[in-house]
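*Asks:* Please assemble the complex out of the two chains, which come individually in their own frames, going by the hints.
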Amino acid sequence: MRFLVLAAMLLVPAAAARAEPPPGASSCSGCHALRPEVVTAVPGLTGRSAAELASQMQAFKSGQRPSTVMGRIAKGFSEAEAQAIAEWYAAVK
Amino acid sequence: MARLGLNRRQVLASLGAASVAQIGAPACAQAAPRVVVIGGGFAGATAARAIKGADPRIGVSLVESNRTFTACPFSNLVIGGLRALPAQQFGYDKISASGIDVVFATATGVDAPARRVALEGGTSLAYDRLIVAPGIDIRWDGLPGYTEAVAAKMPHAWKAGEQTLLLRRQLEALEDGGVVVMSVPANPFRCPPGPYERASLIAHYLKTRKPKSKILILDAKDSFSKQRLFQEAWKELYPDHLEWVALSKGGRVTSIDAGTQTFITEFGEYKAAVANVIPPQKAGRAAFLADAVDQTGWCPIDPVTFESKRSPNVHIVGDATIAGGMPKSAFSANAQAKVCAAAVVDLLAGRTPAQPKLINTCYSLVAPDYGISVAGVYEPVNGVLTDVPGAGGVSPIEAPRAERAQEALFAEGWFNTITAEVFG
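Each protein sequence line maps, in turn, to chains U and E. According to our numbering, the first sequence is numbered sequentially starting from 36. According to our numbering, the second sequence is numbered sequentially starting from 4.
Extracted from the complex, chain E is given alone in its bound form (with noise of 0.2 Å):
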């Protein structure tokens, strides 16, 4: 493979991680084609900087309502009090200086006839080709009693910001001796593992700091993501500060009953001296307004090129899309967003683009210097992305704890790479 003359700009720049890599002259501006992105996360984000990177003529906008973007991984450090807030936050800046038009509104319809997104304001954008990648909503009636009212009271704290400060300051009120309930929804949902590594780094804190305190986990699945290694750290660990509740053993809450703070299930009530609520969800509220969403509440697309099976010349990234075996997870979000752009870019030069091959990886941290991993590498196979047999799976099982350093260590390092290329 020729490959010459690739400089590390050029090569930042096609993955989107580029500051200034311009290449290439300006074309004459009729010409150029117009890709807007709806959604500054790590998925939008990542997009809006891959596509502009690999062809600098390309007019990028990035739409999005929040002129901080609070980053959900590593978010579970912080409600442990392990982490502040602030280095979960990231500005807009740097992808406003590679050459991205950030619009930082809400986008409120799109035209897919006349392909043109609607802002607040009145104001509308053009586009060749759109990118939504809205994350998730919560689905306000996917749970008897819990409303948004409610979540201000009994947080989720499944959106990284003021929800998981909100969360922390509870536990830092917590009387030594009071119980932690966090309920779990069944399938799919934001971050598969994330409830039990956040339920792990609570216990770290009930166990150094109200160790009369535990935690306990509803839940409405019989098994989960990384479930016997974190099961296996669980007894190690905090014996006697977090106890897994089954669906099979009435963990599935039915309703939640603001007033007295209490979960109810079919066989019990329990009631919270903190309640963290992790309701069920669906894709954000951007992939409504493109008509990208099927009735499961997530967007159904085709995995080559990412773009919506319901809406054409939409692309769909990140959590809100049907990606197969590929969790909805920052990493996945990232992966699915530069193979996406380069699609685009193919599409909008009229080149068909390659069948591709993505990464995922999740690490968890069950305790500060702790980490689990899974990894998975998936394809697309009769339309649907695929894990590839044979790769992938979760860390060994019953792996010295210099391991589990390692990969806490690499955890770390992950959170460093990933925001530095996309926000940095």
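Bound-form chain U, shown alone (with noise of 0.2 Å):
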């Protein structure tokens, strides 16, 4: 108790509750490299507005943006989770 009231004092967990990533999201990173020194040939998500990254998301999904992998994993997401992602990778500033 003396802990999360502590805590809550310092504004910490609502701050690690917020970016606490939606379902899903944290997956990405294993591919799409959060660093950008990482040397990769995959695109990264970061810099990117959240409306292109639900798009994106969505035209792998339906095959319009053909794919190697994304196409199979869109398939997974429904569009109120992809839009979730897409906002979180959004913030990244």
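The hints are simulated quantities; they were obtained by calculation from the structure and are not laboratory data. Since the structure is predicted, the reported quantities are computational estimates derived from the model, not experimental observations. Every residue gets a Cβ at the ideal spot worked out from N, C-alpha and C, and that includes glycine. Misleading hints may appear alongside valid ones.
As the list claims (entries may be wrong) - With the Cβ distance kept under 10 Å, some of the chain U side facing chain E (calculated, not the full set):
{"id": "1", "residue": "A60"}
{"id": "2", "residue": "C66"}
{"id": "3", "residue": "Q93"}
*Replies:* This is the structure we're talking about:
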């Protein structure tokens, strides 16, 4: 209890709770590097708008945008789930 | 969703990729919860960093026996002569620098009621939550004739390092015309497509350097991961250098005769110039210390929190788990560890962990410029991590070579990305 009260005073749990990724989002960084120095042919997700990321997910899902693996992955997420993931990555400044 | 003010460092931190993203002020020491992680591979190191990144006030200790981690993914390229082992090796400096107490020691016991991990030398570490990421161990009682001593002559190379180099040296010393024999166990085992990637890259080496030689795969199964893709590629690339013997064709190896380097099946005997025995496996040692292993040899877990179904306050991640549809891969280990870490942070703060979703993507190289993949999306259904219907699957059959080349590039990008997130 003492821990919770102190933590609440510091506003850390609130910040941590907000930063907690929505379902599925934490898996993405296995392939999509968050660090710009990583050498990879896989496009990054940071520095893009939520609208762009969400629309790309839909395009992968429908097959409108051809892909190797993303079409198979995008089919596992509803539009709302993809939107939440997109907003989360878009918040990375 | 208002996620204002999230900066890149905070996000990296919450994903476990932080370097020094310390937010908030230190809480008083007595109040700070403590997490101990046993095992510094893809799963354990990810979990430690993700917890520290999500809440820097949590004291995190990472217990690991080795000062250098040698990654299994891409180690088949080392065996095939296409990569040097140091490219597979990572240290723990950046993990220490992120505020995690890295303890280079072997855990010798877990006292669950007292919530303490005993270490060699008589010291111990207290925890509120324990995460065990033990990887796999070889079942030395699982294949008659195959012992630890025999593995020094007939390597398994299923834990990367000296075993990887041993198999590589044996292939280099092989006379042109000699037969390489590999045995593959029944499911489940670490990295389901791994044996077939390895056989492909050995065949690639033989085709280019020892063209009169071939590799024979003796398999305890009739079907395997990415089978049609591998077989399509083998027909095209290695028709004279690779042969697969399925269970139904007598492929199951029942014992090993180390003296003559012979694989014995129900129907015949195969003498090898170079022998690679991929033996049956079980959860790594630390899972047994924590009493988290059931009669299958693996660890049943809650799919939301990855808490052991046998041992309260103990969480298991990575290859040692029974993770439903998720394969035993480094990608899965990393994804599971991030979900487990978020759940542990929630539980320590008195919050209820949210229902997670997880992704797996596994690349295999059939040749240096020929990659294929399998992917899946998973969520807990009735207590089991289950494939989301309609998602996932393997690369298309009969795709153009440019697509295979693209997947080979993505495979390398994946390795660079995941190792940077976990160890960089």
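*Asks:* Now tell me, hint by hint, if it's right for this structure.
*Replies:* Hint check:
1. Because the closest C-beta pair between A60 (chain U) and chain E is about 9 Å apart, less than 10 Å, the hint holds.
2. Here the hint on C66 (chain U) is kept, as its CB sits about 5 Å from the closest CB of chain E, short of 10 Å.
3. Using the Cβ-Cβ criterion of 10 Å, the hint placing Q93 (chain U) at the interface with chain E is not satisfied: the shortest such distance is roughly 14 Å.
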